[in-house]
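**Q** The chain contents come next:
Number of protein chains: 2
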Amino acid sequence: SAPQSDDLAQVKTMLQLCVDRYFISPGKSNTARFRRGMSCNYGPLGMELRRNLLEQWWRSVSSSRDQVFGISTVSCTMDGDSDTGEGGGHLRMVEAESLKQMLQQENISKEQIIQELQSLLQRAPPLRRNLLQGALLQFVPMLELVNRKLPFGLAEVGLCFEPSDGSGRLTEFTQTSLVWFCSPRTSSQWLDHWARQRLKWWRKFSLSPSGFSISNVPGEEVIAAASRGVRVLYNFPWGQEALETLWSRGDAELLHVHNGVRSKLQCRNERKSVPQVLSITGNVDCGLMAFLFNSLQQLEKKDGKQRLQHRKVLKLHPVLSPIKVALDTGRGATVELKQVCEGLLHELMETKITVWPGYLEPAPTSMEQLFAKYDEMGVLFSVVITEDTLETGLLQVRSRDTTIKETMHISAIMNFLTRYISAAEKI
Amino acid sequence: SAPQSDDLAQVKTMLQLCVDRYFISPGKSNTARFRRGMSCNYGPLGMELRRNLLEQWWRSVSSSRDQVFGISTVSCTMDGDSDTGEGGGHLRMVEAESLKQMLQQENISKEQIIQELQSLLQRAPPLRRNLLQGALLQFVPMLELVNRKLPFGLAEVGLCFEPSDGSGRLTEFTQTSLVWFCSPRTSSQWLDHWARQRLKWWRKFSLSPSGFSISNVPGEEVIAAASRGVRVLYNFPWGQEALETLWSRGDAELLHVHNGVRSKLQCRNERKSVPQVLSITGNVDCGLMAFLFNSLQQLEKKDGKQRLQHRKVLKLHPVLSPIKVALDTGRGATVELKQVCEGLLHELMETKITVWPGYLEPAPTSMEQLFAKYDEMGVLFSVVITEDTLETGLLQVRSRDTTIKETMHISAIMNFLTRYISAAEKI
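In order, the protein sequence lines correspond to chains A and B. Numbering-wise (my numbering), the first sequence opens with residue 355 and increments by one. Numbering-wise (my numbering), the second sequence opens with residue 355 and increments by one.
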């Protein structure tokens, strides 16, 4: 079905908000990249949101389980590395300079050109398209680590590349990867287990969990290397897109990477079997976009003069919100006010709370405008320090989610904020 | 002067330790990459050490200052992006498939090949060699953010690529970048300020601070774009290498990226000047290696039978240590012991303490061997749970730095470890 005009308006609103509020850099090609779920140029808020997302992913797959180990592999392989098979080969990095020099030689024949090109291609390092191959290569040393006992997993986050539509454009995205090694008997159960776990994880941080779902990959779309697949989908305004894909891949690729030497790969179970490989890969850039769309609330509200106001609030989960606290002076900062703000900022930063130095920005025309800005940035609390604060020590704290403004003494603010924010992280 | 054989032995020892203790993956080409300060395939410990290092870098340049904003830019630019000048151009990504297809055409002429290659090169996206260009492009929207007031900075961590010696080999490394924009009047002071700050940072986490130093870049090595430079050096066994480089770059590159439109770039100071650019770039992979070499202590000690033992201890700073606590059973884990370990592991992980599941590994031949292994891994505390623990609740905790073993009740261990580790983080 064709997307409704409401949906298109929502997409437009979201993209504009992301540019206006420093999630992504301005520019048509950058917005297009973002919209397609690729890596793009992120501003401070987008960068911080991605950091938070990756931190949570890492915690959920790696640091909460004793059998998952983090690794980090190179993005382009070199001579001396094993063949990377399916994962590489299509995109290669060439030194433009040496190609140009060759083309400038006057007496070079067609055959020489072809020969040189072929040798250049052979030497040119391939760029990875996914993180699977790196994990398969690292399987052997890690197997010793767990005393050859299954199951265990290798987790990684890294940049991957994809050739796109032949226009010379290139897709670059940050992939999350968990490669899970288990016994043949249990692989199907593990696939279901991980699919449920992953769905639960996405929903845990969402405002409307029903936007996220899982679905078996239909037979005709199952890749040759896999026997079965599950996708974690998000229902974007333009349709469903996969955020994560889980494949049950058997043992063929693992054997291939290790030249078929079964003895190296065998585990300490009854049958000394070569483990089955499950791959669970996600696109962080696409996931980030899903959470942005999922958390956008558009409200209509009458202002003091009975005019209809459109309020946009990015209700990101407290753990994901790139900025927890904004510090502002409301009406332009004097030197004294700025000092108070800076003091509070450093105190908050020491407790690892991300703070927005709103007092550096141009002054807003009204307090309503100020809060509207911070709502669009998904800031949990806006703290307003005024001349009054210098005299009485009182400041105003406004909550994104309740929109309630509280007056509080400056000595109480640290405790108030840290308590709320650390409670949110415990969920 | 030629390196002494002692120094070479130290390098060999270090590289072997890194492979044996899961800092890097085995393999000759991988070790060579690591040794050259490039990104390589990291095992769980190397990956975690790099994470800790980046976290500390991030905290020191970005989250502790109100005028530093984090960004994240793409590693290959696309049509529609601005010219990236000096930073790109040399390395381009080509789709090997389309090149191969062209070469297989039978009736293609030399001229056609040359033409097609030239157009392919033009379309092929360039890979970045540093993070400077991304920050210069993002300068304009960020300038609005700070109300056109100087100084401010843009911080980023990202993968960069370098062509190497023409052999088709490629250098891939993770760069840290702070691009600092300041008024012309203050740029020289800022360069000195940042050089001192950075040196202080490196020394803060080192065992022997004198290994780190700063030095002005000699006139003949100053790059064309810069007027002055400072390097942060580490004295490796094979000689000094730069971990970070600071350049005072003037305003030419910033103007070039923005097509010379001064009005867009002018700041709100007396003279409405275009800011001066300082770049502070580091190689994380090289920095990681510096801390490993810096923290390796080799001790000789007589064992119970008066035999000389060589003990290697990786005395990494507690904040950098990839693993804070190892949980072990000493002599093979029964189901019950494993359950106790798992319980403690999850409790520790919830407080974000990294734990090593030593009870999954093959059992060591002696307790001395066990502690020697954890010393080589730089583990701060080894906790040994035995059959005794099941009966009396008592376990043993051994400290890497004091080598003292304490007997402690299992109910006291969490408090003991979290207190020590959070105190270490406050430094």
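Worth flagging that the hints you see were computed from the coordinates, not collected in a lab. A hint or two may mislead.
Treat identical chains as interchangeable: a pair holds within one or across any two.
PhoX-like, lysine-lysine: derived pairs with alpha carbons at most 25 Å apart [as the list claims (entries may be wrong)]:
#1 K382 - K759
#2 K618 - K659
#3 K382 - K554
#4 K382 - K618
#5 K692 - K659
#6 K692 - K558
#7 K727 - K503
#8 K464 - K366
#9 K692 - K626
#10 K618 - K503
#11 K503 - K692
#12 K382 - K692
#13 K727 - K618
#14 K454 - K727
#15 K780 - K706
#16 K626 - K558
#17 K464 - K454
#18 K666 - K656
#19 K558 - K706
#20 K464 - K759
#21 K656 - K558
#22 K464 - K618
**Q** Could you run down the list of hints and mark each one as holding or not?
**A** Against the structure, the hints come out as follows:
1. K382 - K759: Answer is neither; intra-copy 38 Å and inter-copy 62 Å both fail.
2. K618 - K659: So K618 and K659 fail the 25 Å test inside a copy (76 Å) and across (37 Å) alike.
3. K382 - K554: neither (35 Å within a copy, 42 Å between copies)
4. K382 - K618: For K382 and K618, the Cα distance is within 25 Å only across copies (19 Å; inside one copy 51 Å).
5. K692 - K659: For K692 and K659, neither the intra-copy (33 Å) nor the inter-copy (67 Å) Cα distance is at most 25 Å.
6. K692 - K558: neither (38 Å within a copy, 30 Å between copies)
7. K727 - K503: Only across copies: K727 and K503 sit 20 Å apart there, 53 Å inside one copy, limit 25 Å.
8. K464 - K366: Neither. Shortest intra-copy (51 Å) and inter-copy (48 Å) distances fail the 25 Å Cα cut-off.
9. K692 - K626: Between. Shortest inter-copy distance 23 Å satisfies the 25 Å Cα cut-off; intra-copy 67 Å does not.
10. K618 - K503: Only inside one copy: K618 and K503 sit 13 Å apart there, 61 Å across copies, limit 25 Å.
11. K503 - K692: between (59 Å within a copy, 14 Å between copies)
12. K382 - K692: neither (36 Å within a copy, 56 Å between copies)
13. K727 - K618: between (58 Å within a copy, 24 Å between copies)
14. K454 - K727: neither (50 Å within a copy, 52 Å between copies)
15. K780 - K706: both (15 Å within a copy, 12 Å between copies)
16. K626 - K558: Neither way: K626 and K558 sit 38 Å apart in one copy and 49 Å across, limit 25 Å.
17. K464 - K454: Answer is both; intra-copy 15 Å and inter-copy 15 Å each pass.
18. K666 - K656: For K666 and K656, only the intra-copy Cα distance (14 Å) is at most 25 Å; the inter-copy one is 71 Å.
19. K558 - K706: both (22 Å within a copy, 19 Å between copies)
20. K464 - K759: Answer is neither; intra-copy 76 Å and inter-copy 74 Å both fail.
21. K656 - K558: Result: close neither inside a copy nor across copies, 33 Å intra and 55 Å inter.
22. K464 - K618: neither (47 Å within a copy, 50 Å between copies)
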